[in-house]
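Here the structure of chain A is known, so what remains is to put chain B in place on it, guided by the hints.
Protein chains: 2
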Amino acid sequence: MTQTLPGLMSHAPLLVSSLIDHAARHHRGGEIVSRLGDGSLHRYRYPDCRRRAMRLASALERSGVQPGTRVATIAWNGFRHLELYFGVGGMGAVCHTINPRLHPDQIAYIIRDAADQMVFFDVEFAGLVGEIAGLCPEVRHWVALCDAHEVPAGAKLPLESYEALLERGCEDYQWPVFDESAACGLCYTSGTTGQPKGVLYTNRSTVLHAYAASLPNAMNLSSHSVVMPVVPMFHVNAWGIPYAAPLNGAKLVLPGRMLDGASLHALIEAEGVTFAAGVPTIWLSLLEHVERNSGRFDALREAAIGGSACPVSMVDRFHALGVDVVHGWGMTETSPLGCLSRLSPGHTDLPLEERRRILQKQGHALFGIDMKIVDGRGAELPWDGRSFGDLMVRGPWVLERYYGADRPAGEGGWFATGDVATIDPGGAMQIMDRTKDIIKSGGEWISSIDVESIAMAHPDLLEAACIAAEHPKWGERPLLIAVARPGAEVSAGDVLRFFEGKAAKWWIPDEVVFVESLPHNATGKVQKRDLRERYAGLLA
Amino acid sequence: MTQTLPGLMSHAPLLVSSLIDHAARHHRGGEIVSRLGDGSLHRYRYPDCRRRAMRLASALERSGVQPGTRVATIAWNGFRHLELYFGVGGMGAVCHTINPRLHPDQIAYIIRDAADQMVFFDVEFAGLVGEIAGLCPEVRHWVALCDAHEVPAGAKLPLESYEALLERGCEDYQWPVFDESAACGLCYTSGTTGQPKGVLYTNRSTVLHAYAASLPNAMNLSSHSVVMPVVPMFHVNAWGIPYAAPLNGAKLVLPGRMLDGASLHALIEAEGVTFAAGVPTIWLSLLEHVERNSGRFDALREAAIGGSACPVSMVDRFHALGVDVVHGWGMTETSPLGCLSRLSPGHTDLPLEERRRILQKQGHALFGIDMKIVDGRGAELPWDGRSFGDLMVRGPWVLERYYGADRPAGEGGWFATGDVATIDPGGAMQIMDRTKDIIKSGGEWISSIDVESIAMAHPDLLEAACIAAEHPKWGERPLLIAVARPGAEVSAGDVLRFFEGKAAKWWIPDEVVFVESLPHNATGKVQKRDLRERYAGLLA
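Just so you know, the protein sequences line up as chains A and B, in that order.
First residue of the first sequence? That's 1 in the numbering used here, and the numbers climb one at a time after it.
First residue of the second sequence? That's 1 in the numbering used here, and the numbers climb one at a time after it.
For reference, chain A alone in the conformation it holds in the complex:
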């Protein structure tokens, strides 16, 4: 490494505790509104959150939690979960957020793999906890996120309430200062193949991600923002919003478990949400509800969409309601924000059609993230908007190695995302497909995502997935698996004709199979592997 002259600035570390400190000191009016399990709203402000997070850290310390100890959560988005983010991370321990939608065996595996010592859970998950507790003998405490009198009765294991635990903490706790490379969070990938793998976030990666995510070109968060992460706090830290909101003093609206269109719409309107973030399936149900009831959005300005590709029709439907779509891309391994799509100055005056095409892309790397596309031999491909290549990323909030792994996940800091993408000359990236989902037809590649995006615009289809089916002549050909809208009468021919003029002829699927519903995994993504197992032989 190059020998340089060390500069003489402060060595102050980047720590997550400073995020909640900053909010409490400089944005004391900033509210945190949480929808509870019974549908009622809990509200308090950043200084309250900080005080309780510090009390929690103190109580954890007295319960034997040490810096580095893993503390798990199985919980929806709510204020106690937020306190765990800062209380656990702030004391130097690791907040391990678990997806409750995973199979109980997988949850138990994750708890054992992480060696969690404590598990905090929403009372709704008391049954799940009862199922897995026997499989996780090393967990020393199970804590229900509720008041003492709300602890679920009849539990087979000794339970404590969060509020009773907090009582044991002391008010004059001081956050410790430690190296910024200390872990503060742990999240497991959904793991479509093999066991889930852990990504161990550092204080540094979390704070840098929060800076970058808050910028005007990214989520554009300020003390005037009202932010609602619909994306769960167990899903890559709700895209970092629980950290970015206090950094900027934004009001935070946490929707709990009621994620149906009607509940979300009511909460958005009641709290004046300006920026909401979620996956396409969530937005589909919200849009269905609002359109069906001729509803509107008074304050909502932007809907951030990630987790999977954003259907073209969704951009238009939000636009018709006065809401701009901010399309993003990321992974558990990238904290998660890697890219975001926004219009550049030159784009503002383009016709709607052109702007829609630009917003469809996953967009530009956040400052801090480097990206490239490479061919099968690792050679870099041009940013010409046409070359398909494996997307590689690197930067200070990209994973170095998985939890427990004895070697780095990539070479030279580059992490292979498993996505196939193009990058245009202006630097906008577009995911064409997952490497394992792309359809290789006669030596050419067909993006299953593009095919799905067109299909999803068909008024009679509710959902659609495109998979590679084996083909005697072309190797693979696209096959569309579709769910018709209830009551709609639609044939395979109708759907295939719909593609004409919208895609190259050879991209049009060979066949459409109608099904009752598509299989989804615990994070709401369509399980294409299941579809391939069932339908891959259909054209053979």
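The set of hints was computed from the structure by calculation and includes no laboratory data.
Fair warning: there could be bad hints in the mix.
[Said to hold, decoys possible] Interface residues of chain B toward chain A, partial, derived using beta-carbon atoms under 8 Å:
#, residue
1, Thr2
2, Cys170
3, Tyr173
4, Ala182
5, Ser214
6, Ala320
7, Leu321
8, Asp324
9, Pro345
10, Arg394
11, Gly395
12, Glu400
Virtual Cβ for every residue (Gly too), placed ideally from N, Cα, C.
Only chain B this time, still in chain A's reference frame:
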């Protein structure tokens, strides 16, 4: 230090080279417009700037510049100066920006103290360079920032042109990767007492400062911004704007040496500047020009004001022209941004008078900066908006120690700013005075800045300074030194009556002395020390 679990994220360093890389890749349309010495405009885009900065780094390497080498600049805001920021810093060397308004002996001292090996200068400063070259024998190259044919004739020392030097660089240079604690910039304090002292910025401090400065609550920079740093690039890196602009892909307008009101106004209007940053004296001449000519601002939305307190009247005058004032506070030792004043959500509906009072404050710490006020014994004072205390700051872009110093500048990372401030319960800081300028009258403190701010609102006064004059009964009493507006007839009695109802009775100066002009130092600040030497005995 607390033992924690090291996280497993990438160790990618924060380097200034990545700022210009990012702009070139993701904001290739972003323009950089520079007013040259002859008044003409030079324009190019981020990819051009990056290409030339890399060529410069390569040429420097071939000229013997190594990582850690100090390379000086004596230059106005312009594209070649910007290339030096990135070319020098990007290769791991140190860009030492020198204030040409300092006394030549002081400039020579600074060059020797920094051990600069090369000096790049605008041709306007050829005479100055001729004066100091003999005093700086260790400088190996003097390079004029111009084309080969523009090199000043008749120079006593061998000069090279910047463009000829660039020719020796190669296009396929690669930025080195090194530790983020490497120095990239050096700036000397103006040093009102003793010799100037150097502040050695790191790649890390510079990049973190750029993140924080760009946030919506701070300078709010995006690819849609058009940013003009009127504050010179030799004055604490033009408040970090040359780094923050490429981070966000903002268009950058560099005004060169023509900083009179008419030139600035013409440039702001021609280039559609949305955000401009400068010291109050610059804005005074701009406002005078615009008001005198019934001019207007078509695109300008915000004027950032720092360097010294913002007169109340300036907030109103900008507001009348549709421009919001963003009042900031910082020092060379804080990179410089420490605090910025913006309205919080609760403030938006307040009456103008209240909002003005809030915007007068220096405001809230940027995320990353911690602050406190302490009494004479170092005990922390409450955030009650009333307690006056010495302002202390810490954070990753605050100085640890001065260049060449063998011990840290503060204790526990806290840097004593030399300012006296209050902090209100909401976290807004207000500078009451410099520790050395505050007036101690009968055991109570009077802010000379507050007194000046009222005086500056008097329609017949052009400028005013308030100093402590010795007083037999009260120890010290405020004395106002004032400059009348040309043609105005104004008496001491008029001015003193103007204070009635605007300040506590005991804050009103005992006397007003009219002078032709006030003494200013090289950064445009009034030299109160000179005034005290002359007038401190007037009331004795």
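A quick look at each hint next to the structure:
no. : hint   : result
1   : Thr2   : holds (4 Å)
2   : Cys170 : violated (18 Å)
3   : Tyr173 : violated (13 Å)
4   : Ala182 : holds (3 Å)
5   : Ser214 : holds (6 Å)
6   : Ala320 : violated (24 Å)
7   : Leu321 : violated (23 Å)
8   : Asp324 : violated (14 Å)
9   : Pro345 : holds (5 Å)
10  : Arg394 : holds (6 Å)
11  : Gly395 : holds (5 Å)
12  : Glu400 : holds (5 Å)
When held up to the earlier numbered hints, the structure conflicts with 2, 3, 6, 7 and 8 and fits the remainder.
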